[in-house]
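**Q** Heads up: the sequence lines are chains A and B, in that order.
For the working numbering, add 213 to where a residue sits in the first sequence, where the first one is 1.
For the working numbering, add 1 to where a residue sits in the second sequence, where the first one is 1.
For the record, the hints were derived by calculation from the structure and aren't laboratory data.
Treat the hints with care, as some may be off.
A few chain A positions that, by computed beta-carbon distances, are all more than 10 Å from chain B [as the list claims (entries may be wrong)]: (1) Gly277; (2) Thr382; (3) Glu416; (4) Ser426; (5) Leu507; (6) Pro519; (7) Pro573; (8) Asp587; (9) Ile589; (10) Val592.
In silico lysine-lysine, DSBU-like type, Cα no more than 30 Å apart, as pairs [stated by the list, open to error]: (11) B:Lys115 x A:Lys594; (12) B:Lys115 x A:Lys511; (13) A:Lys417 x B:Lys115.
Cβ coordinates follow ideal geometry from the N, Cα and C atoms, glycine included.
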Amino acid sequence: MRYVCSLLLACAVALSLSAASPAPAASPLKIGLAAAVSGGSAASGEAIKRGIQIAIDEINAKGGLLGGRKLELVIRDDEGNPAKGVTIARELVEREKVAAVFGGLHTTVALAQVPVWHELKTPYMGAWAAGTNIAQNGKKPNYVFRVSANDDYADRYLTRYALDTLKKTKPGLLLENTAWGQSNEVGLLKWLAERKVKHVGIEKFNWNDPDMSPQLLRLKNAGADVVIMVANAPEGAQVVKSRAKIGWAVPMVAHWGISGGRFAELTGDLSDGVAFLQTYSFFGKQNERGQALLKALKDKYGVKGPEDIIAPVGTANAYDGMHLIALAVAQAGSADGAKVRDALESLQAPYAGLIKTYKPPFTADQHDALTDDDYIMVVWKGGKIVPVATK
Amino acid sequence: MLVQLLVTGLALGSMYGLVALGYHITWVTSRTMNFAQGTAVMAGAVVAYGCHVGLGWPLLPSLAVTLAALAAYGIAIERIAVYPFFRTASPAWLLSTIACGIIAENTAMLLFGKDARAFPSALTQQPILVGGAGFYPQELLIPVVGLCLVAGVQYFYHRTSYGKQLKAVAWNAEAASLMGIHIPRAVMAAYALSAVLAAVAGVLLAPILNVAATMGTIIGLKAFAVAIIGGLESAPGIIVAGLAYGLVESLVAGYLSTGAREIVGFALVILVLIIRPWGLLGSRPTRRV
């Protein structure tokens, strides 16, 4: 059956090549986005979509790729559900014939999709989900690339910030009671052990817990001088409120989950001074791409300014990811999945991107374009995100 | 540490009691209840959020609209999910009230969204610090309002003529009906009151817990446990059980671990069910042989 199919396909290709009428080069080159664009994490999916779309507009304005083929974004909703994620992954590749696919916020979905990209030989660009083994999946060749954070690096970064920048010696850990919290518990314990620092306690909380003061009190009584927190926005807000309630002015260092929702709205002034990790900040001085991106966000999506950008890391990561894919397609001279994958791993020209200058972004062993050298620490101040010096 | 846990526990506990009172009110009138009582808590918070934050109305008109809306919600639940089965003495209201709750919750998700939103209150701006403990004034308001409402409900049932009528319906619907009590109306009134109490709990909680479409589920479940522990027939028993449950939760979370909280809490429920199936302060039902 497969043989017959490929024979038919070969005939079709031969026919289309021999036809003198409109060159197939004019057909659009499709890029997929498989992310949560509905539900509680819809903001992240929307942010990623904006980053890709603005990059695509820039590329199309310069005449597209492969001799005039315009790029076109095809979006499918994974609903945060791994099974749905696998279904839409197949649909995007097999029916929509996309050249590459972007992924969304959920580590669980991204992990479930890893085998699909390898089976269908389609490059995948992670724009949010930080699970360490999404990109470090042990496959050879590896079709998964990522312009985003990675839990393992993030944990090292948070550890360093707490110990070196804040000069604290007794960290207490406060983690959400989920697979994501678990993955960070492993990472944080590993990096604390490497520094021969003993934590004073590990506390957990469930989603929708109303009050975090018992956990904080236990860390306080154990003598913690800094709290490293892994939480999403709603629970992170409850932690900050409880911290104010028990009158404990302990410094807090957080993973980036609290930036994916309405943390500032939920906490008001109480969030002042809470530090957390980002890959990019639209506040402060912007490079050329940053200025162009802010303008495009304003013109196309009515974003008034940096404080108005929802889930900013999604837009920043996806924007650079899309340009990297475009460079790889250009270098490969083809939209074939295997060739684009090879090109991504061996991009020759350095790319001066939004987040940094990638030279090169990926190698055969490193599929995370960003490492902890590229992360920035930011802090809430009056509802705004302000970068802090970390070195 | 202890003072902190006690304050937190009392605030949580009085809120459980307040919601549990809603089960009591419909139970004594009709021997039915809204199993999705937690959804009414959420609906109260969401409607108040819509008026106060969404439309920018002042607090008092927002509260008035919220309470009226929730009274209507209670009546709707009774008409749609209870009344058809109440007439035929079928226990299908168990499932139909849960179904209504799920519909209401998903409607809230569609209209309000799945994100938690902040509900501003002057009473959660600054915590009051006393010794090593701190609390928000709002957390003190909850027990105060809770106790006042219990007293009000007790007064209504024992001292007012209409309250006595409602109770009479439960004791003997046929006799009550013969005495000129309009039974369907009495049951509707009980459901409206029950939903209004839940709405009060929702509005009081909103500044502390934030407003979310899913906020009511676990509160409703724990409040049901509280109602059973306290005794469905006994309003004072329910309040005592609510406070006790809140304190146990808070102390277990503080001294053992947060993971043990639900385990200990619900284990106690089972224990009470075995030892005193009629509830802590409920009276042992007399059986005529």
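**Q** Now, for every hint given, state plainly whether the structure supports it.
**A** These are the hints, each one checked on the structure:
no.: 1; hint: Gly277; result: 37 Å, holds
no.: 2; hint: Thr382; result: 23 Å, holds
no.: 3; hint: Glu416; result: 7 Å, violated
no.: 4; hint: Ser426; result: 6 Å, violated
no.: 5; hint: Leu507; result: 25 Å, holds
no.: 6; hint: Pro519; result: 21 Å, holds
no.: 7; hint: Pro573; result: 39 Å, holds
no.: 8; hint: Asp587; result: 29 Å, holds
no.: 9; hint: Ile589; result: 25 Å, holds
no.: 10; hint: Val592; result: 20 Å, holds
no.: 11; hint: B:Lys115 x A:Lys594; result: 26 Å, holds
no.: 12; hint: B:Lys115 x A:Lys511; result: 26 Å, holds
no.: 13; hint: A:Lys417 x B:Lys115; result: 23 Å, holds
This entry does not satisfy hints 3 and 4, going by the numbered hints stated previously.
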